[in-house]
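K.L.:
With the hints as your guide, set chains B and C onto chain A.
Take a look at the letters that make up each chain.
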Amino acid sequence: MKIHIKNGRVIDPASGTDAKQDVFIGAGKIVALGAAPAGFTANRTLDAAGLVVCPGLVDLAVRLREPGFEYMATLESEMGAAVAGGVTSLACPPDTDPPLDEPGLVEMLKFRAKNLNQARVYPVGALTVGLKGEQLTEMGELTDAGCVAFSHADAPLTDTQLLLRALQYAATFDFPVWLRPQEAWLARGGVAHDGQVATRLGLPAIPVCAETAALETILLLVREIGARVHLCRLSSAQGVEMVRAAQQQGFNISCDVAIHHAHLSEMDIGYFDPNCRLTPPLRSLRDRDALRAALTDGTAAALCSDHAPVDDDAKQLPFDEAEAGATGVELLLPLALKWIEESRLPLAQGLARVTCDPARVLGIDAGRIKTGAAADLCVFDPQQYWKVGPATLRSQGKNTPFTGLEIKGKVRHTLIEGQFVYESR
Amino acid sequence: MIQLPDAERLVTALIDQMRPQVSSAAGLVGIRTGGVWIAERLHTALRCTVPPAALDVSFYRDDFDAEGLKHAVQSSHIPFEVEGRDLILVDDVLYTGRTIRAAMNELFDYGRPRSIRLAALIDRGGRELPIAAQFLGATLEVPARYSVDLEQENGRLRFALREKK
Amino acid sequence: MFLDRNPQLNKNGELHHLLSIDGLPAAILLQILDTAQSFVGVTGREIKKVPLLRGKTIFNLFFEPSTRTRTTFEIAAKRLSADVINLAVNLSSHAKGESILDTVANLAAMQADMFVVRHGSSGAPHLIARHVGPDIHVINAGDGRHAHPTQALLDMFTIRHYKQDFTNLRVAIVGDILHSRVARSQIHALATLGVPEIRVVAPRTLLPTHVETLGVHVHHDMAKGLKDVDVVMMLRLQNERMQGAFLPSPQEYFKFYGLTADKLALAQTDAIVLHPGPMNRGVEIDSDVADGRQSVILPQVTFGIAIRMAVMSILMGN
Chain A
1 MKIHIKNGRV IDPASGTDAK QDVFIGAGKI VALGAAPAGF TANRTLDAAG
51 LVVCPGLVDL AVRLREPGFE YMATLESEMG AAVAGGVTSL ACPPDTDPPL
101 DEPGLVEMLK FRAKNLNQAR VYPVGALTVG LKGEQLTEMG ELTDAGCVAF
151 SHADAPLTDT QLLLRALQYA ATFDFPVWLR PQEAWLARGG VAHDGQVATR
201 LGLPAIPVCA ETAALETILL LVREIGARVH LCRLSSAQGV EMVRAAQQQG
251 FNISCDVAIH HAHLSEMDIG YFDPNCRLTP PLRSLRDRDA LRAALTDGTA
301 AALCSDHAPV DDDAKQLPFD EAEAGATGVE LLLPLALKWI EESRLPLAQG
351 LARVTCDPAR VLGIDAGRIK TGAAADLCVF DPQQYWKVGP ATLRSQGKNT
401 PFTGLEIKGK VRHTLIEGQF VYESR
Chain B
1001 MIQLPDAERL VTALIDQMRP QVSSAAGLVG IRTGGVWIAE RLHTALRCTV
1051 PPAALDVSFY RDDFDAEGLK HAVQSSHIPF EVEGRDLILV DDVLYTGRTI
1101 RAAMNELFDY GRPRSIRLAA LIDRGGRELP IAAQFLGATL EVPARYSVDL
1151 EQENGRLRFA LREKK
Chain C
2001 MFLDRNPQLN KNGELHHLLS IDGLPAAILL QILDTAQSFV GVTGREIKKV
2051 PLLRGKTIFN LFFEPSTRTR TTFEIAAKRL SADVINLAVN LSSHAKGESI
2101 LDTVANLAAM QADMFVVRHG SSGAPHLIAR HVGPDIHVIN AGDGRHAHPT
2151 QALLDMFTIR HYKQDFTNLR VAIVGDILHS RVARSQIHAL ATLGVPEIRV
2201 VAPRTLLPTH VETLGVHVHH DMAKGLKDVD VVMMLRLQNE RMQGAFLPSP
2251 QEYFKFYGLT ADKLALAQTD AIVLHPGPMN RGVEIDSDVA DGRQSVILPQ
2301 VTFGIAIRMA VMSILMGN
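Residue numbers (our numbering), protein chains in the order written: chain A, 1 to 425; chain B, 1001 to 1165; chain C, 2001 to 2318.
Only chain A is shown next, with the shape it has when bound in the complex (with noise of 0.2 Å):
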C-alpha cells in the first residue's frame, strides 16, 4: 500500500531531524522524505497535522507472558497494547514458563508473534537451563532460532563462577549478555528500597550495595573477558557512577533505565500502595534524580517500559506479598515525553533513548526514519492528554502505579512494515 503522511512534524532523533515534512510509503519502506517521488499516488493520504512522526519505539523490556502464564495475559493482548503504546520492536526476557532456554520454544513464539502480524519480537534467550544457574544454555541453536541476546531476568545468579564462564562462553561467539546487577544474598528477603520509607513501614529493605556489589562483580568479569554486556534497570546513583566511570574508561558496556525508576521513588509507596511492588526496588529521590541524568547524558542508553502484567489476585496482596511488576508498554511514549519535558531536552534528543539507542543495543536496524528503512512509525499526538486507567489501558495487566493519572501523549496510528497495525479512536 502506498502512504502519505503529510503536515507532520517529523522527528528523527538519529539524524537529529525535527521538521514539518511529508513521508512517502510504499512496499513497506520509506521511500521518500519532503517532495514526493515521481509518479506516486498515494493509496491512503494520512493529515498528520498537530502530530509527530517519530520511529516506532523500541523496547527492551516487555513480557508477553507467553508461554506459561497465559492467566496473567497472552500474546494477543500484550502485543495489541504494545502497538497501541506505538512499539514496533520489543525484546521479551526468557522469564516465561518453560524459561526460553530451548531452540523450539523461542521458535514456537515468534511463529506465533509474527502470525499476529503486529511489533516485531526479539526474544532473549536464558543464559542458563531453567534459569536455574546451574548450566550454560546452547547459546548457538538459540540464536539461530532467533535470541538476540542471553539473560538471566530476575533469577538469582550466585554462582560467581559459572557466571564467568557464561560470560567468556558467550564472548567466545560475540553473543551479547544482559544482565540485571543485583547481589542475591544481600538482597536476600528484602523488597523495598532500604531508605525512610522501609524503616517507617517495616518493610524488608534491599540496601543499594545488592545493586553496587553485583555491578562491582560484572564490570571486573567484563574488563578481564571483554564481552559484551549491556545492565538492565539500574536503580540507584551510585549505580550509574559506577557505569559512567566504566564507560569512561573505555569499557564497552550499557544500561537501561525504567520508566517508573525515571519517575518515581520509595515515596510513592505511600500507604504500601502493591502497584509499587517493583524490581528493582523504587529507591531515594536522589538515586531518581541520577538515573534521569543518566537518561539525559546517555550514560543510560535507553528507557524501556520493564512491562509486566499482573492479574489482580497477585497484586491485591499485602506488600511483601505481592506479584513485583508493573505494566508498562502503553505507557513508554507518555513517560518518555514527561521526562523530556521535565528536564527541558530537544524532543529529538530526548525520544532518541525510545528509538535509536535501544536499537543499538538491540543490534537490530530500526528506530530510524530515511529512506529505504522500513515503515516502522508511530504517529501520536504530543498535546493530548489521556487518563490511566483499566478502561485506557489494552494490556491484560492494569496494575500500575500510574493508575488515575493524566499523561500527555496519545498514539494515533501505529505503522509496521507500511501497515497500519493500530490506530485510535
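Hint data in this document are derived by calculation from the structure and do not stem from the laboratory. One or more hints might be untrue.
[Unchecked claim] Just some of the chain B residues that point at chain C, by a computed CB distance under 8 Å:
no. : residue
1   : Thr1012
2   : Tyr1060
3   : Asp1109
4   : Tyr1110
[As the list claims (entries may be wrong)] Pair ranges (Cβ atoms, derived):
no. : chain 1 : residue 1 : chain 2 : residue 2 : range
5   : B       : Met1001   : C       : Asn2012   : 33 to 43 Å
6   : B       : Ser1075   : C       : Asn2318   : 49 to 59 Å
7   : B       : Gly1111   : C       : Ala2088   : 51 to 61 Å
8   : C       : Lys2011   : A       : Thr392    : 52 to 62 Å
9   : C       : Arg2204   : A       : Gly404    : 52 to 62 Å
10  : C       : Asn2318   : B       : Gly1125   : 57 to 67 Å
11  : A       : Gln248    : C       : Ala2265   : 51 to 61 Å
12  : C       : Val2301   : B       : Gln1003   : 54 to 64 Å
Remember, predicted model here, so these are calculated numbers, not experimental data. All C-beta atoms, glycine included, are put in the ideal place defined by N, C-alpha and C.
P.N.:
Relative to chain A, chains B and C alone:
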C-alpha cells in the same frame, strides 16, 4: 419569650421538698454534669452520711449508633454500697426520660438498690418513657428546637437557653 | 502512588480505622487515653460489662497466632457486650487459595461490624481497610514489622498513669527495633505526645538503617542509653534472631542488652519498666527487675483491656 427560672431558688425548693422525705442514709447520685452540682448542694443541706455519687451514663445511652461517644467520657464514681440502699437520682433537666433510664441501668450494674427516686430541677415535658420525678423544682414549657442547660459560674447556678443547630 | 488521604480518618477527621499511630494527631491519641480512663473504672467493678456495643459483631482475624493479644481483644469486646468471633486463619488452608480479601469479603457478608487483624506482613490491615465497606472498622492488632497501635497506646496510658506529663520525660526503648512493630508504634506515639527525648538502644544489626529519621537518639551502649531515663521500654527478643546472623546467642545479648538491676540503677530512681510481653526472663530482662518495684508490666495488661475497649467504642461510634 421563655422566662428561665432562677436555678438557685429551685435548689432551695428541692431541699425543702426533700428534707422531710429523705433519710440521711440515702445515697445521692448526681448525673453528670449538672446533676452533680445539684447533688453536692443537696448533700450539704440534707446532711447525708455518705458522699454524693457522680454518674456518667455515656456507656448506657441508647443513641450510641447515631451519635457515638459524644462528649469526653468521664468516669462514674460511686463512693458507697448500692446494694440495699435508698438512692436519689439527681438531674438538672428532665426531658425525654432516656438519661434517667440509662442511669438506672447503670446503677443496677453496681448492685440492687432498695429504692430509687428522682429529684430534678426542672421538668420540660416531652417524655418518651414512663418516668417521673418525685422531687421537682418547677415545670417549664420549652419548644423542641431549644436546649436548656444548667451552668455554674462563680459558684452560682443558672439556666441557659440555646437554639439547637 | 498518589498521596491518598489518611485511610484511618473519615472526612470529619474522626477515627474510622486504627491502623497505625503514624499519621494520627495528638488529639486523637489523647481522646483514646481519656476514654480508656473511664473504662478502667468499669473493669474495677463487680459487673465489668457495659452495654455499649450490644448487637455488634467483632471478628478477630488472626493470620498470625497469638493467644494473649487475641484474648485481650476478646475480653475487651465482651465487656462492651459485643459478640466476638475468633478466626485463626490457618496458613495452610490460606495457601490453598483463599486470598486475604476473599476471606474478608466472606466475613463482611456475615454482618461484621469490625475486624481486628493481626498479620505477618506489614500493610495487611491497610489492604483490608481499603477493601471493606464504609460501615466496617478495622483495628490493626499487629502487622509484620510495621505497627501495633493498641500496644503503643496502652504503653502511653501506663506512662501517663505513673508520670503524668509527657513533655518532661526521657524514654529509652531497648531491643530489636528492626523487627519490632511495637517499637515503631511506640516511637510515633511518644513523639506525637511531645516526649522530648526518645532513645533506642540496640546493636547495629537490630536497628533499621535510617532509624534516626523517626526522631530518636541511637545508643549501642546500654549504660549510656539508660542514664537518667524516666521510662525503660523493653522489647521481646525472638528466637529467630539467632538465625539470620543478627546475634550470636541469647547469653551474649543478655550481657550487653539485658535489663538487670545494675543497669536499671543508672536510670532515675523512680523510673518505670515496661514490657509488652511475653517476657523472656534472662534474655532481655532479669527476673528481679521484672518482678521488682519499678516494673509496671502487670498494670500494663489491665490497662490494655481498657485501651482496647476505648478504641472499639470510639471507632464504632464515629
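K.L.:
Please flag the earlier hints that this structure goes against, numbers listed from lowest up.
P.N.:
1, 6, 7, 8, 9 and 10
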